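Protein chains: 2
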Amino acid sequence: MSLNPADARFAAHLRTLLPEERIRAPEPRYLVDPRDIAHGQAGLVALPKTVEEVAVLIRAAGEARVGVIPYGGGTGLVGAQVMPEGPAPMVLSLERMSAIRAVYPEENVIIAEAGAILADVQAAAAAANRLFPLSLASEGSCRIGGNLATNAGGVNVLRYGNTRDLCLGLEAVLPDGSIWHGLTRLRKDNTGYDLRNLLVGAEGTLGVITAAALKLAPIPAGRGTALIAVQSPRAALDMLSLARDRLGEGISAFELIHRQGLEFLAEVLPQVRRPWANPPEWCVLIDVGLAQGLDPEQALTDLFEAAMERDLATDGLIAQNEAQAQEFWTVREHLPEANRKIGSVTSHDVSLPLSVLPDFIEDARAMVAEHGSFRINCFGHLGDGNLHFNLFPAAGRTRADYANVKDAVRAAIHDLVVRMGGSFSAEHGVGRAKVKDLERYGDPARLTALRAIKAALDPLGIMNPGAVLA
Amino acid sequence: MSLNPADARFAAHLRTLLPEERIRAPEPRYLVDPRDIAHGQAGLVALPKTVEEVAVLIRAAGEARVGVIPYGGGTGLVGAQVMPEGPAPMVLSLERMSAIRAVYPEENVIIAEAGAILADVQAAAAAANRLFPLSLASEGSCRIGGNLATNAGGVNVLRYGNTRDLCLGLEAVLPDGSIWHGLTRLRKDNTGYDLRNLLVGAEGTLGVITAAALKLAPIPAGRGTALIAVQSPRAALDMLSLARDRLGEGISAFELIHRQGLEFLAEVLPQVRRPWANPPEWCVLIDVGLAQGLDPEQALTDLFEAAMERDLATDGLIAQNEAQAQEFWTVREHLPEANRKIGSVTSHDVSLPLSVLPDFIEDARAMVAEHGSFRINCFGHLGDGNLHFNLFPAAGRTRADYANVKDAVRAAIHDLVVRMGGSFSAEHGVGRAKVKDLERYGDPARLTALRAIKAALDPLGIMNPGAVLA
Chain A
1 MSLNPADARF AAHLRTLLPE ERIRAPEPRY LVDPRDIAHG QAGLVALPKT VEEVAVLIRA
61 AGEARVGVIP YGGGTGLVGA QVMPEGPAPM VLSLERMSAI RAVYPEENVI IAEAGAILAD
121 VQAAAAAANR LFPLSLASEG SCRIGGNLAT NAGGVNVLRY GNTRDLCLGL EAVLPDGSIW
181 HGLTRLRKDN TGYDLRNLLV GAEGTLGVIT AAALKLAPIP AGRGTALIAV QSPRAALDML
241 SLARDRLGEG ISAFELIHRQ GLEFLAEVLP QVRRPWANPP EWCVLIDVGL AQGLDPEQAL
301 TDLFEAAMER DLATDGLIAQ NEAQAQEFWT VREHLPEANR KIGSVTSHDV SLPLSVLPDF
361 IEDARAMVAE HGSFRINCFG HLGDGNLHFN LFPAAGRTRA DYANVKDAVR AAIHDLVVRM
421 GGSFSAEHGV GRAKVKDLER YGDPARLTAL RAIKAALDPL GIMNPGAVLA
Chain B
1 MSLNPADARF AAHLRTLLPE ERIRAPEPRY LVDPRDIAHG QAGLVALPKT VEEVAVLIRA
61 AGEARVGVIP YGGGTGLVGA QVMPEGPAPM VLSLERMSAI RAVYPEENVI IAEAGAILAD
121 VQAAAAAANR LFPLSLASEG SCRIGGNLAT NAGGVNVLRY GNTRDLCLGL EAVLPDGSIW
181 HGLTRLRKDN TGYDLRNLLV GAEGTLGVIT AAALKLAPIP AGRGTALIAV QSPRAALDML
241 SLARDRLGEG ISAFELIHRQ GLEFLAEVLP QVRRPWANPP EWCVLIDVGL AQGLDPEQAL
301 TDLFEAAMER DLATDGLIAQ NEAQAQEFWT VREHLPEANR KIGSVTSHDV SLPLSVLPDF
361 IEDARAMVAE HGSFRINCFG HLGDGNLHFN LFPAAGRTRA DYANVKDAVR AAIHDLVVRM
421 GGSFSAEHGV GRAKVKDLER YGDPARLTAL RAIKAALDPL GIMNPGAVLA
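Order-wise, the sequence lines are chains A and B. At position 218 of the first sequence (counting the first as 1) the number is 218 in UniProt numbering, and the numbers step up by one without a gap. At position 236 of the second sequence (counting the first as 1) the number is 236 in UniProt numbering, and the numbers step up by one without a gap.
Worth flagging that the hints you see were computed from the coordinates, not collected in a lab. Any given hint could turn out to be false.
[As the list claims (entries may be wrong)] Covered stretches of chain A (chain B as the covering partner; in silico rule of three or more C-beta atoms under 8 Å from a C-beta of chain B):
1) 198-211
2) 218-224
3) 264-274
4) 308-315
5) 363-372
6) 437-446
7) 451-464
These numbers come from a predicted model, not from an experiment. For glycine and all other residues, C-beta sits at the position ideal for the given N, C-alpha and C.
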């Protein structure tokens, strides 16, 4: 079905339906993405203030056959928020629906509108002495609706799950313009198909999430942080097993860092304090949040000693206070920025079954070497089997030098991942950048079902056209 | 679209496609359900041994327009497994696909076929020094495929989530007869719509689950159990908050029990040992599983004392050994059997937002009293907001005496639940017993979407006809 552009006539029509200032010409900030995947285009930006206004916009888009791009914080890494070609769409920004509607500390529930900045949701939880555990590098600018639409991951998935695991209920406008009032605060509700999980992770292609009921967690009684040098990725995994046997769910984060990342930091962000003068090849950053009666510093010291005894760890830094814990996390949180400053040839957000992950790192390095000389920054959420496997030009070379091998090495990495039972997109989604990967690697029976679902819920094809499914 | 019966001709056709003994006349055990919701009928029972055989059966059913009832352990409580009217269906039992295909202790993953008995999955996990946390009264006979299809709950949801939260990947046959090979062991995989969560909880109406990759957990270092008399349901909730502030995820189960249940046990199952000679009106059964370095008995004693100080608890029994812990759990686990022996007028599996749950118990009791004199056994998974609110004849009266008020009081309870933001089916599902409730209470926009999904994935309507959606 062919779509029409969100042209001046359509904009004028919308201004008859809503207060005029809700409809604007698109500022440039709506048309770019952090990884320069595409330069977007749009006929207009709509800035609704209520779910009813969102419904009016979606109904109008349906009647006029105009494409709609739901827009959160614009921080997505796979181009779901930028449409470079086709009839100019309406960008529907949720930024004015940013209220925290309610907090229920005794239920461990918060209700936030889709446009709420993730950090503001975290702060509202903290003000009620609760934890909203979703945490990722862009938390100061990404919006919770986008986190939901992309099923965002981050550093606390090991303990608290992905964004979908934190969502109890949704309010959303479906592609037919109807409003689903589904803001339940229930932990159990087995009454028909799971529409919530269908919208979560659909990247705006099956409707617009306008608000969500989200789980909070008690703030653990005591927190501790350690940075531990390990022998290898396999030793890091063995240490994770050891840690979970001892501390169970108390392990909040378990991040793998390669020396290359620390060297990039030294090169382009020298103000970030280095934990080691001579960094080890591999280290893990561990966060624990423990119950009353346990001393986190002691628990980490005991864990470190047990890991030394088993020949897994070689050196350890255990934070003595909150400032030092923050210092360790600053290292981890600046890795993406350092990567951007260095400039990658190609970046991969992959996941593997935990037991084959060390083999993947070895095999992928060997395979990449056949394609040329790269600096590889491999880091990520080890406990979730999620690696950011990013390739950079060798010292003294530039990205342009790799123009003719880039596509081949990218495909070879994804082939290897899938052959080893992994995923070519662990936490970033499909967006527009990985539509062909989904087609290539997706299970055929599942793809047929996904296409049928899309056609059933959005028969006009107005919702984020060209994202996820071609 | 009208369906045809699974008649002798269809059976004969199936016998040309598969080894003859895969197709049988239905034994009576396939046609009954534990709550006598309906007396089922079937033209035949198919007993496939592989996913490919399941695919052959589904394709044949589609070609012949024959309804299919996927069948697990037959323990469902809402009649999804029994079809009392319409053209006789094919019952497709997964009982011969009961293998544990693999255990990956280092990944905390187990792969089980749909016909595996829940207790066997638990045992396979235990043999690998891991915990498969799903636990419910029928675990000795229910099958994991049925647990997935109904998104079963049980006593450990508070800590480990519902069945859907324990599922990483699925193998399934879709209504078109295609096989989805989706047995991923990944914790993160953001590559398109969440078909897994759509099949989980669909009660066999969107396809047949044939195997699943499931999450395991480390066995907590120390376990403790306590039975604590509390002032009221609100005091029980306050005590839960207190417990979580101190022990975080260490609380594995938090079950509310009313005196009525203990009295039923004394009446019909006198061999179950009574914890108290004079039982309190309300008590909670608490299970903790704690990290190394914490003594569960001491932690429960400290929690009890803190609850006494705050005037929440009145008496407490802390298990001194595994045998005593088992004794407390025996009480809880026999409540459903005692209920069956007494014979309920009407039973309700409801959930409420935690903070309104105490008000619901009070309001519902008052409302029920207006309809007549009942004995009410209200118990359940308090931490999940999930109550089993079951009405029984007053002493000396019979179920027949309530024939003319039963429907009205049932409707009044569901009305009240929904008015208070709750669900009329927390963990049992919709099946056939609650199809009208879903129609009445379901959000209209969501219902339209669910119907569109059903029509898109199962256009012939062969999968479990009449269940979930009318």
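Taking the hints in turn, this is what the structure says about them:
| no. | hint | in the structure |
| --- | --- | --- |
| 1 | 198-211 | holds (count 5) |
| 2 | 218-224 | holds (count 3) |
| 3 | 264-274 | violated (count 0) |
| 4 | 308-315 | violated (count 0) |
| 5 | 363-372 | violated (count 0) |
| 6 | 437-446 | holds (count 8) |
| 7 | 451-464 | holds (count 6) |
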